[in-house]
Amino acid sequence: MFMSLIYTSLFISSIGIFMLLSKKHILSILIGIELFLNGINLFFITICKSFSDDIANIFILFILVITACEVAIGLAIFLLNQRINKTIDINSLDRLRDN
Numbered sequence: 008m009f010m011s012l013i014y015t016s017l018f019i020s021s022i023g024i025f026m027l028l029s030k031k032h033i034l035s036i037l038i039g040i041e042l043f044l045n046g047i048n049l050f051f052i053t054i055c056k057s058f059s060d061d062i063a064n065i066f067i068l069f070i071l072v073i074t075a076c077e078v079a080i081g082l083a084i085f086l087l088n089q090r091i092n093k094t095i096d097i098n099s100l101d102r103l104r105d106n
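Under this note's numbering, the first residue of the sequence shown is numbered 8, with each subsequent residue one higher.
In case anyone wonders, no lab produced these hints; they're calculated from the structure. Each residue gets a CB set at the ideal place from its N, CA and C atoms; glycine is no exception. Fair warning: there could be bad hints in the mix.
Said to hold, decoys possible - Simulated restraints on C-beta separations:
id, residue 1, residue 2, range
1, 90, 9, 41 to 51 angstroms
2, 28, 69, 22 to 32 angstroms
3, 61, 91, 14 to 24 angstroms
4, 8, 64, 32 to 42 angstroms
Produce the entire structure from the sequences given, and follow the hints as far as they go.
Structure, rendered in structure tokens:
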């Protein structure tokens, strides 16, 4: 059970890293970051439950707060980009600086 959760967290994190590095759309990149951070959370939960370590709960809470802030900022940038440039391509973010 322990190793299957470790492998699952590594698989989810690797999918997130792949999406982060290979996609060109803002929403796909945000989803990749979310998958990566959720894989890390699953890893910390597995470690916390198997070794009865309570300090991992603090890290999990910290990562969840950072993830919520990242989603809010990322969606704000996405909406601003879509409103100004009428596209969701990541290369169009250079034009946001001029406005």
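Verification of the supplied hints:
1. 90 <-> 9: 41 to 51 angstroms: holds, 47 angstroms
2. 28 <-> 69: 22 to 32 angstroms: Roughly 25 angstroms apart at Cβ, these two residues keep to the hinted range, so it holds.
3. 61 <-> 91: 14 to 24 angstroms: violated, 46 angstroms
4. 8 <-> 64: 32 to 42 angstroms: violated, 20 angstroms
Taken one by one, the earlier hints fail for this structure at numbers 3, 4, listed in ascending order.
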